[in-house]
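Trainee: Protein chains in written order, with our numbering: chain A, 1 to 574; chain B, 1 to 117.
Please note: incorrect hints may appear among the correct ones.
[Said to hold, decoys possible] Calculated from the model, a selection of chain A residues having no Cβ within reach of chain B, i.e. all distances over 10 Å:
{"hint": "1", "residue": "D22"}
{"hint": "2", "residue": "A100"}
{"hint": "3", "residue": "P102"}
{"hint": "4", "residue": "D196"}
{"hint": "5", "residue": "D431"}
{"hint": "6", "residue": "Q493"}
{"hint": "7", "residue": "V504"}
{"hint": "8", "residue": "R526"}
[Unchecked claim] Below, in silico cross-link-like pairs of lysine-lysine (DSS-like), each with a Cα-Cα straight-line distance of 27 Å or less:
{"hint": "9", "chain 1": "A", "residue 1": "K263", "chain 2": "A", "residue 2": "K129"}
{"hint": "10", "chain 1": "A", "residue 1": "K218", "chain 2": "A", "residue 2": "K335"}
{"hint": "11", "chain 1": "A", "residue 1": "K263", "chain 2": "A", "residue 2": "K174"}
{"hint": "12", "chain 1": "A", "residue 1": "K93", "chain 2": "A", "residue 2": "K129"}
{"hint": "13", "chain 1": "B", "residue 1": "K69", "chain 2": "A", "residue 2": "K94"}
{"hint": "14", "chain 1": "A", "residue 1": "K494", "chain 2": "A", "residue 2": "K528"}
{"hint": "15", "chain 1": "A", "residue 1": "K453", "chain 2": "A", "residue 2": "K335"}
{"hint": "16", "chain 1": "B", "residue 1": "K53", "chain 2": "A", "residue 2": "K93"}
{"hint": "17", "chain 1": "A", "residue 1": "K129", "chain 2": "B", "residue 2": "K69"}
Source of the hints: derived by calculation from the structure; they are not laboratory data. Source: prediction; values computed, not measured. Glycine residues also receive a C-beta, built at the ideal position from the N, C-alpha and C atoms.
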Amino acid sequence: MKLDHLSSPALRKAPSGITGFDEITGGGLPRGRTTLLLGGPGSGKTIFALQYLINGARVYGEPGIFVAFEETSQRILANAASFDWKLDQLRKKKLLFIDAQPSYDLVQTGDFDLCGMLAGLGLQAAQMKARRIVFDALDILLALLPDLSARRREIYRLHEWLVSRGLTSIVTLKARADEANSITQQPYGFMQFMVDCSVILNHSLIAGVSQRDMRVQKYRGSSFDENESPFVIGDAGFDVAIVRTLGRDDAKVTNERVTSGIKRLDTMLGGGYYRAACVLITGFPGTAKTTLSGAFAQAACGRGERTLFVSFDSDGTEVIRNLASVGIRLGRYLKSGVLRMVSARTIVGSAETSLVRIKAIAAEHKARCLVIDPVSALANSGSQLAAHGVGQRLIDWSKADRITLVCTSLLNEIAGKSETDSTLHISTLADTWIHLSYVVQAGERNRGMSIIKSRGTAHSNQVRELILSNSGVTLADIFTAGGEVLMGTMRWQKESAERVEDEVAEVAGRLKLVTLDAEQAELEVRLKAVQTELVAKQVEKTLLARTTASRKAVILHGSERMRELRGGDAPKHK
Amino acid sequence: MAVSACVSCAAATPLNINEPRMTRRSTFKFRLYVADDTMNSAQATANLQALCKTHLPGRHEIEIVDVFKDPQRAILEGIRMTPTLLRLAPLPIRRIVGTLVDTQRVLETLGLVTNVL
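With the sequences and hints as input, model every part of the structure.
Mentor: What follows is the structure, encoded as structure tokens:
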């Protein structure tokens with residue numbers, strides 16, 4: 001072909017606008033080239049091709065032509081009306097349907113070619129400036145051609161025509177899934193070599209559940225996700241499930257905390273769950289998993305955050321009634337529209353279908369918080385491998401959309417007491433993992449709660465007792481005695497014993513104080529008496545001294561007087 | 001290519017359900033859609049002309065439309081495959097696709113032979 005075409009560095013792509021498909025192919029279909037879409041009956045070829053055209057016309061401003069060889073355009077339009085594509089809003093200028101079904105009473109003698117169609121299409125494509133074209137069920141027309149060489153010739157003619165017009169095209173062909181992989185047995189196997197991109201759609205039953213898969217078989221000049229990707233045909237058409245592909249930015253992380261709805265649990269977690277985190281609550285049946293997730297939902301609604309509660313086990317109204325018995329009242333939020341309850345028992349189909357439905361409802365409700373109770377129900381139908389992928393994509397999606405996800409997971413009591421959820425492997429991906437268990441002790445079953453992991457937060461290592469009462473959910477400290485954890489009435493007994501001990505000690509203390517007071521008073525009295533005595537003694541001592549002095553003076557004076565009286569000696573005068 | 005005179009034809013005439021009794025004198029009007037001078041188209045043209053010469057001498061009109069030169073007509077007539085032969089008269093319209101290589105089948109379809117035993 002032309003040199004400038006060969007030297008163009010990168011293949012340009014025409015986005016299909018189909019969720020997931022553009023990620024798998026790194027941008028869409030090869031622009032200006034042909035893509036072969038292979039699949040068995042009911043594998044979704046027509047829907048995929050139609051959606052590609054509709055998105056092209058509506059989103060990317062590229063008008064398209066749909067050439068229908070099998071179904072009439074009226075029937076295709078009627079079938080498409082079941083999707084929310086609003087096909088009738090697309091103007092005829094943007095999307096043209098051409099009926100090219102060979103009439104059943106067609107008389108044919110000898111060879112023919114597709115020039116008539118291509119001539120007409122060429123004019124119409126030029127008139128409406130079409131950029132995209134679909135040939136749906138080309139095999140119907142090819143089957144009329146007398147021999148293989150004629151078929152090959154017409155396919156090459158068609159291919160050349162498409163390339164020369166620069167139309168990005170999809171050609172769909174019927175093929176059974178197993179045939180699509182062994183190209184040599186294919187009636188039109190050579191087409192797979194001719195086209196630039198080849199996509200295989202597969203519809204199979206796994207354990208009685210429908211499972212759809214898509215695989216890009218080849219894509220010239222581009223890298224692509226080579227694995228089989230499950231997909232679902234929902235209300236919006238195709239939804240191809242993708243595991244996080246390379247080059248995608250990690251979801252933005254935040255330090256914002258949201259409450260778990262239980263104050264003491266928040267403390268244990270260092271402030272609550274992280275916003276947009278995935279919280280897993282595991283436990284055997286009846287360990288209050290739903291209650292714990294209900295508390296979270298109530299708190300979220302209380303903050304005015306739109307919340308979606310998906311229940312696989314019971315009806316939404318049942319959940320509300322049951323939670324009301326433990327003081328979690330969700331009815332008012334349901335009325336105000338902040339909360340939406342979905343009973344997922346109404347969703348039938350594979351795990352993939354459930355995920356797509358949940359995603360659609362969450363988007364519709366603009367949910368910021370999501371509860372799935374229990375997420376393990378996803379793994380109940382269909383392939384286990386697919387369910388695993390679903391768990392992973394569920395978390396990827398909630399993180400990307402910044403939805404705080406709380407999911408419960410039922411542990412199989414019969415399978416063993418291991419604290420793992422082997423079916424979905426969410427435990428490894430979850431940010432916070434809370435485990436609920438029963439502790440059977442002294443004829444009682446009590447609920448224990450522990451945090452197995454909580455990424456990025458310091459968390460308590462303690463097992464707590466979870467107490468449900470009609471006023472709400474609380475956590476109690478548990479007692480450990482001689483290496484045994486005490487819960488329930490044993491904990492209560494221990495608590496009351498301690499209370500009695502406390503009282504006794506307090507009384508004894510008071511008694512002692514009184515005694516001491518008395519002793520002190522007594523001593524003080526005695527001290528007073530002694531002090532008085534001391535004063536008396538001092539007085540006595542002073543008096544004694546004075547008496548002694550005066551007596552001495554009297555004696556001295558008396559002897560002098562006697563001498564005077566005797567007259568013997570002259571009186572001594574000073 | 002040697003082509004007979006192009007005659008405007010009554011394509012818009014409503015299709016008559018009850019096939020009228022063909023008279024031996026009625027004129028056959030054909031329109032052949034061809035694609036350029038591709039092999040198939042050339043064969044069909046030659047086969048049609050030979051057939052007319054043998055079975056309808058002096059009472060046939062052939063119009064040849066090249067879909068590449070006049071794609072609008074191909075669209076209007078719903079021509080997907082070339083060559084396509086239309087018998088416009090006598091009514092009803094008959095349509096044959098291909099190189100017209102099977103003369104017996106073409107004659108039967110065009111009503112030029114009564115069913116042979």
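Trainee: Taking the hints in turn, state whether each one holds.
Mentor: Hint by hint, here is what the structure shows:
1. D22: Non-interface label on D22(A) holds, nearest chain B Cβ at 32 Å vs cutoff 10 Å.
2. A100: Check fails; 5 Å does not lie beyond 10 Å.
3. P102: Nearest chain B Cβ is 7 Å from P102(A), so the label is violated.
4. D196: Per Cβ check, D196(A) is outside 10 Å of chain B; nearest 25 Å; holds.
5. D431: Its Cβ never comes within 10 Å of chain B, the nearest being 59 Å, so this holds.
6. Q493: Correct as stated: the minimum Cβ-Cβ distance to chain B is 90 Å, above 10 Å.
7. V504: holds (104 Å)
8. R526: Since the minimum Cβ distance to chain B is about 132 Å, R526(A) lies beyond 10 Å and the statement holds.
9. K263(A) with K129(A): violated (64 Å)
10. K218(A) with K335(A): violated (52 Å)
11. K263(A) with K174(A): violated (60 Å)
12. K93(A) with K129(A): Holds. K93(A) to K129(A) sits at ~9 Å (cutoff 27 Å).
13. K69(B) with K94(A): holds (25 Å)
14. K494(A) with K528(A): Violated, at roughly 51 Å.
15. K453(A) with K335(A): Since the Cα atoms of K453(A) and K335(A) sit roughly 36 Å apart, the hinted pair is violated (cutoff 27 Å).
16. K53(B) with K93(A): violated (46 Å)
17. K129(A) with K69(B): holds (20 Å)
Violated hints, listed in ascending order, are 2, 3, 9, 10, 11, 14, 15 and 16; each of the other numbered hints is respected by the structure.
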